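Enquirer: So the protein lines, in turn, are chains W and G.
Take 14 as the starting number for the first sequence in our numbering and just add one per residue.
Take 2 as the starting number for the second sequence in our numbering and just add one per residue.
Source of the hints: derived by calculation from the structure; they are not laboratory data.
It should be emphasised that the depicted structure is a prediction, and the values quoted were computed from it without experimental measurement.
Careful, some of the hints might be misleading.
Derived DSS-like pairs: lysine-lysine, alpha-carbon spacing no greater than 30 angstroms straight-line [said to hold, decoys possible]:
#  : chain 1 : residue 1 : chain 2 : residue 2
1  : W       : Lys148    : W       : Lys95
2  : W       : Lys95     : G       : Lys62
3  : W       : Lys112    : G       : Lys62
4  : G       : Lys102    : W       : Lys121
5  : G       : Lys83     : G       : Lys102
6  : G       : Lys94     : W       : Lys112
7  : W       : Lys52     : G       : Lys62
8  : G       : Lys78     : G       : Lys12
9  : W       : Lys31     : W       : Lys95
10 : W       : Lys121    : G       : Lys62
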Amino acid sequence: MEILKGLKVKNLGFIPQKMGDLLYHEGTLLAHFVDANNKQEHYLYKWSDCNDTYNRWLIFKNSTKNLQRFFDKKISLLDLIKANPFVFIVDMADDLHVKSVMIVNIDKIPITYLPFSDSFFEADEYEPYALTLQKQSVAPNDTYTLILSEIEKLKIQQKENHTLLQIVNTRVESFLPH
Amino acid sequence: MEFQYTDEFKKLASQCPPAMYSTKNIVIFRWVFEDIKDARNFLPLPYRNPKRFLNLDDVTKCQSFSLSLYDTEHNAKQQFAKLRNKIGINIYKTIGTNIAKAEITEKDGVSDEPNATTGHISHHFAVGFDYEDTFTIISNL
Chain W
14 MEILKGLKVK NLGFIPQKMG DLLYHEGTLL AHFVDANNKQ EHYLYKWSDC NDTYNRWLIF
74 KNSTKNLQRF FDKKISLLDL IKANPFVFIV DMADDLHVKS VMIVNIDKIP ITYLPFSDSF
134 FEADEYEPYA LTLQKQSVAP NDTYTLILSE IEKLKIQQKE NHTLLQIVNT RVESFLPH
Chain G
2 MEFQYTDEFK KLASQCPPAM YSTKNIVIFR WVFEDIKDAR NFLPLPYRNP KRFLNLDDVT
62 KCQSFSLSLY DTEHNAKQQF AKLRNKIGIN IYKTIGTNIA KAEITEKDGV SDEPNATTGH
122 ISHHFAVGFD YEDTFTIISN L
């Protein structure tokens, strides 16, 4: 495997929970994970290299907005990776047993680890789970969108409270001596 | 017909191979490494090291004991190129470097129907099938 320039760290900083395979050929090639402690945090694991003992995975974070743009074919898989300033490169033995974790700057990723520039989403080339994720990514479930949604709810509640207060005031006034 | 890995099938809740799989007399193509005797060429996922994730449900686990084949050399090449564009040039290191061709008969196992778009076939081979004698490398990927 290639010798990488990066920062070795003890762990990923999140608890990976596998959600499904996006590309599969006699084993996973691209999979969707979330942080088990924060399921709004999306990660893709892309197979990138191997030797006789380990598979090497390129792990990168994705916003819901970027996932949606990927499924809409506005950006490629390569663009999705390059939207990050850095990625995790992780060597794993069978299953999810991690041997090493390295943070690598996006410019230092070996070209052999990256998809081609025309790696746009095509539904019939992906596993059925991709369609499930595609539908989810349309739903507003990233942190930023959720905050906006909560603000909207608060605004509505504030308007309702204001209306209620006006009604109460009107009724109270009607009981007051003129 | 007795299949390879039958003991593993018995551990699964669902029927393996699936009932819809059937015997066929067909010419098939498979991605292999350049030496046909390479141990990686015909090992199903659960017996390979290192594995690319194995937390599978029973249906997927059954499929993991089958081998991936293609119905034409063109489809085998085209599907490889599509996967290479998404994963990167290193895909050769885990998938293979060449295409091998074989003629299989009804006694050699059961498979699903070729995928209408990709030509992909999943095949469960029968006990006694000789991979190295039946498959011949015909081209590079």
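Enquirer: Taking the hints in turn, state whether each one holds.
Expert: The hints, checked one at a time:
1. W:Lys148 - W:Lys95: Since the Cα atoms of W:Lys148 and W:Lys95 sit roughly 23 angstroms apart, the hinted pair holds (cutoff 30 angstroms).
2. W:Lys95 - G:Lys62: violated, 34 angstroms
3. W:Lys112 - G:Lys62: holds, 25 angstroms
4. G:Lys102 - W:Lys121: violated, 39 angstroms
5. G:Lys83 - G:Lys102: Holds. G:Lys83 to G:Lys102 sits at ~20 angstroms (cutoff 30 angstroms).
6. G:Lys94 - W:Lys112: Holds. G:Lys94 to W:Lys112 sits at ~20 angstroms (cutoff 30 angstroms).
7. W:Lys52 - G:Lys62: holds, 26 angstroms
8. G:Lys78 - G:Lys12: violated, 35 angstroms
9. W:Lys31 - W:Lys95: holds, 22 angstroms
10. W:Lys121 - G:Lys62: Since the Cα atoms of W:Lys121 and G:Lys62 sit roughly 37 angstroms apart, the hinted pair is violated (cutoff 30 angstroms).
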